[in-house]
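Kindly generate the complete structure, drawing on both the sequences and the hints.
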Amino acid sequence: MMDFILENKWQFLITAEVFFWVFSLTFLVVRYWFNLKKLSIVFFFLFIINDLWIATMGFMDYLKTGNFTSYQIVILIIIVYALTYGKSDFRKLDIFIQKKVAKWKGQPIPDLKGPEKLYGKDLARQERKHFGIHLSIFILAHIGMYIVYGLSDQLTQTANIEQLLSTWFSSKDALYPFKNESMNNLSRIWTLVLIIDGVTSLSYTFFPKNEKKSVFTNN
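Note that this note's numbering has the sequence shown beginning at 38, numbered continuously upward.
Treat the hints as calculated values from the structure; they're not laboratory data.
The reader is advised that the hints may include incorrect statements.
Claimed, not checked - In silico EDC-like cross-links for lysine to aspartate or glutamate, where the CA-CA straight-line distance does not exceed 16 Å:
1. K101 to D190
2. K137 to D148
3. K101 to D40
4. K74 to D131
5. K246 to D159
6. K101 to E153
7. K124 to D98
8. K216 to E248
9. K158 to D148
10. K129 to D148
11. K158 to D98
12. K129 to D98
13. K209 to D88
14. K142 to D98
15. K209 to D98
16. K124 to D148
17. K46 to D98
18. K154 to E44
19. K154 to D126
20. K150 to D126
21. K166 to D148
22. K246 to D148
Claimed, not checked - The calculated label-pair distances, taken between Cβ atoms and stated as ranges, are:
23. I42 to I146: 21 to 31 Å
24. K158 to G103: 35 to 45 Å
25. L83 to L172: 17 to 27 Å
26. L130 to I176: 22 to 32 Å
We put the beta carbon where it would ideally sit given N, CA and C, even for glycine.
In structure tokens, the structure reads:
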């Protein structure tokens, strides 16, 4: 199945991007037009799963080819965008849909402002908070998978951490850390996304983004 997907990888990537917008807009419409907030969460999770699926295709393509390709670079750009500028862009879209729905329904238009532009320590603090939430969800999900599936036998037989990481990231067969190959593939893809998110988020702490001062001054 995966071989067929990778043979038609660009078509599947384009389809995944279409689903990205379908799930995003459906989430907002269901949430604000129909006021079904609990149901909208389903489409939010589908939105997240779709992003993980895109990352999975890039990772499996790397395992198959053994080197970095333009396909993987495109996917990496998509993931980095989703973890950085994508957050604020989605918030802007959220506000836009809320106002449009209120206007179409003849309701008072909510006084909502776009996300405030943060810099320096404020931005670093916000990014650490977002990463902390991501990390917490990651840990809770893995605890849940451990309870349901248990740890794989191969995990206890691994000699050292170096061997574990090498096999985990380079093997086509997902052997670690659970007794379920699908969950193992999800785990290693999610781990890579978490690492990218962590590096991106913490970079604002070590390399603060300062507000650009205008070169024009009033006389």
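Going down the list of hints, with the structure as the test:
1. Restraint check for K101 and D190: the C-alpha separation of about 25 Å exceeds 16 Å, so the hint is violated.
2. For the hint pairing K137 with D148, the CA-to-CA distance comes to about 12 Å; that is within 16 Å, so the pair holds.
3. Simply put, K101 and D40 have alpha-carbon atoms about 9 Å apart, close enough for the 16 Å limit, and the pair holds.
4. The straight-line distance between the Cα atoms of K74 and D131 is roughly 13 Å, inside the 16 Å bound, and the hint therefore holds.
5. Between K246 and D159 the CA atoms are separated by roughly 10 Å; this keeps the pair inside 16 Å, and the hint holds.
6. For the proposed pair K101 and E153, the alpha carbon gap of about 43 Å is over 16 Å, so the pair is violated.
7. Restraint check: the Cα-Cα separation between K124 and D98 comes to about 27 Å, which exceeds 16 Å; the hinted pair is violated.
8. Among the hinted pairs, K216 with E248 is inconsistent with the structure: their alpha-carbon atoms are about 49 Å apart, more than 16 Å.
9. For the hint linking K158 to D148, the alpha-carbon distance of about 27 Å lies beyond 16 Å, and the restraint is violated.
10. With a C-alpha separation of about 13 Å, the suggested pair K129 and D148 falls inside the 16 Å cut-off, and the hint holds.
11. For a cut-off of 16 Å, the pair hint linking K158 to D98 is broken: about 38 Å separates their Cα positions.
12. Taking the CA atoms of K129 and D98, the gap is near 33 Å; set against the 16 Å cutoff, the hint is violated.
13. About 20 Å separates the Cα atoms of K209 and D88, which puts this hinted pair outside 16 Å; it is violated.
14. Between K142 and D98 the alpha-carbon distance is near 47 Å, which puts this suggested pair outside the 16 Å criterion.
15. A threshold of 16 Å between alpha carbons decides the hint, and for K209 with D98 the separation of about 10 Å falls inside it, so the pair holds.
16. Note on K124 and D148: the hinted pairing is violated, with a Cα-Cα distance of about 20 Å set against a maximum of 16 Å.
17. Between K46 and D98 the CA atoms are separated by roughly 8 Å; this keeps the pair inside 16 Å, and the hint holds.
18. Annotation: proposed proximity of K154 to E44 is violated, straight-line Cα distance about 42 Å (limit 16 Å).
19. Of the supplied pair hints, the one linking K154 and D126 holds, its CA atoms being roughly 12 Å apart against a limit of 16 Å.
20. As the CA atoms of K150 and D126 are separated by approximately 13 Å, the hinted pair is consistent with the 16 Å bound.
21. This hinted pair does not check out: K166 and D148 have alpha carbons roughly 26 Å apart, beyond 16 Å.
22. Straight-line distance between C-alpha atoms of K246 and D148 comes to about 29 Å, which puts the hinted pair past the 16 Å bound.
23. Distance hint check: the CB atoms of I42 and I146 are about 44 Å apart, inconsistent with the given range 21 to 31 Å.
24. Remark: the range hint 35 to 45 Å for K158 to G103 is upheld by a beta-carbon distance near 43 Å.
25. The hinted window of 17 to 27 Å between L83 and L172 holds, with their beta carbons roughly 22 Å apart.
26. At roughly 29 Å, the beta carbons of L130 and I176 sit within the given window of 22 to 32 Å.
The earlier numbered hints that this structure contradicts are 1, 6, 7, 8, 9, 11, 12, 13, 14, 16, 18, 21, 22 and 23.
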